[in-house]
Amino acid sequence: MLTTGVLLLALMTAAVCLSVALAHSGAGVARPLAVLSDRDGGEDIFVADPARGISHNMTRSPGWDGSPAYSADGEWIVFSSLRDGDLDLYRMTATGGRLERLTANAHRDQSPAWSPDGSAVVYAADDDGDWEITTLTLATGERTRLTDNDTDDGSPSWSPDGRDVVYVTYRRGNWGLSLVGADGRNPRELTSDPRFRDIEPAWSPDGTRIAFVSDRRERNFEIWVMDVATRDARRMTFNPALDTRPAGSADGRWITYESWRDGRVEQYRMRDDGPQTDRQTDTASRDADPA
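Note that our numbering has the sequence shown beginning at 27, numbered continuously upward.
Treat the hints as calculated values from the structure; they're not laboratory data.
Just to be clear, a hint being listed does not mean it is correct.
[Stated by the list, open to error] Label-pair restraints from in silico Cβ distances: (1) Arg297 <-> Arg127: 22 to 30 Å; (2) Phe222 <-> Thr166: 35 to 43 Å; (3) Pro88 <-> His133: 35 to 43 Å; (4) Glu168 <-> Asp258: 31 to 39 Å; (5) Thr163 <-> Arg290: 20 to 28 Å; (6) Gly100 <-> Asn246: 29 to 37 Å.
The model shown is predicted, which means the values in this text are computed figures rather than measured ones.
Ideal placement from N, C-alpha and C gives every residue a C-beta, glycine not left out.
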């Protein structure tokens with residue numbers, strides 16, 4: 027049987043991608059689609075312009091590169107990589123001209139997301155034997171653990187107002203969603219039901235909603251959106267195949283997501299208020315982890 031740590035890593039990494047990561051983007055900041063792709067034979071981060079049908083390999087690393095996330099100003103992309111042997115965090119300019127290693131640890135650092143002001147990243151680290159939510163202040167290198175318990179926490183997303191971090195946590199034998207203050211205080215549960223799994227939460231750009239993946243209706247993972255104020259959840263995709271990893275557009279009007287509906291992982295987009303869908307990529311490769 028898989029341990030919760032192994033299962034969490036599987037949920038967060040590339041092969042199965044039963045996960046959600048809604049991109050934190052500044053209003054009106056235009057940016058190309060960033061994806062993990064194996065179209066060049068490896069697993070690298072590409073930026074793509076679906077409308078023009080062009081893409082560019084940004085990392086070209088012999089190790090796995092994935093989990094890209096744009097900074098709010100669109101200037102930087104933070105990501106996880108195995109290029110130096112351990113799963114660490116890196117950032118590069120969105121044009122690919124500059125690369126910096128952010129962590130260098132014997133343990134694993136995964137699923138990074140930016141603070142709204144770009145001064146820090148939040149991520150999952152397994153430095154104490156299970157996954158905990160941790161922040162890294164870029165100017166000083168200071169690490170702050172936001173969770174500290176004997177179960178697994180992962181897939182964090184920073185609220186647009188900077189006050190809270192939402193994350194997935196393993197409680198009472200199943201996966202649910204929780205919130206914690208950006209200072210590590212005031213932890214509270216959002217969802218916790220042993221009948222279904224809620225994973226990979228992420229804030230909408232305006233901070234009023236949280237998108238996540240759930241199998242709460244038909245035991246198939248679909249995209250759902252929760253109203254933060256009321257906690258009412260609305261199903262966004264209706265497909266027998268897996269629909270996962272939505273990423274919000276800068277203007278908040280579109281959600282890009284990955285789907286297995288055509289037999290392989292491709293990128294699609296839908297309006298944030300309904301299921302109308304346009305296909306964004308169509309290659310023989312696997313295009314995943316949209317940002």
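Evaluated hints:
1. Arg297 <-> Arg127: 22 to 30 Å: Given a distance of about 38 Å, which is not inside 22 to 30 Å, the answer is violated.
2. Phe222 <-> Thr166: 35 to 43 Å: Cβ of Phe222 to Cβ of Thr166: about 41 Å, so the range 35 to 43 Å holds.
3. Pro88 <-> His133: 35 to 43 Å: 22 Å, violated
4. Glu168 <-> Asp258: 31 to 39 Å: 38 Å, holds
5. Thr163 <-> Arg290: 20 to 28 Å: 39 Å, violated
6. Gly100 <-> Asn246: 29 to 37 Å: 34 Å, holds
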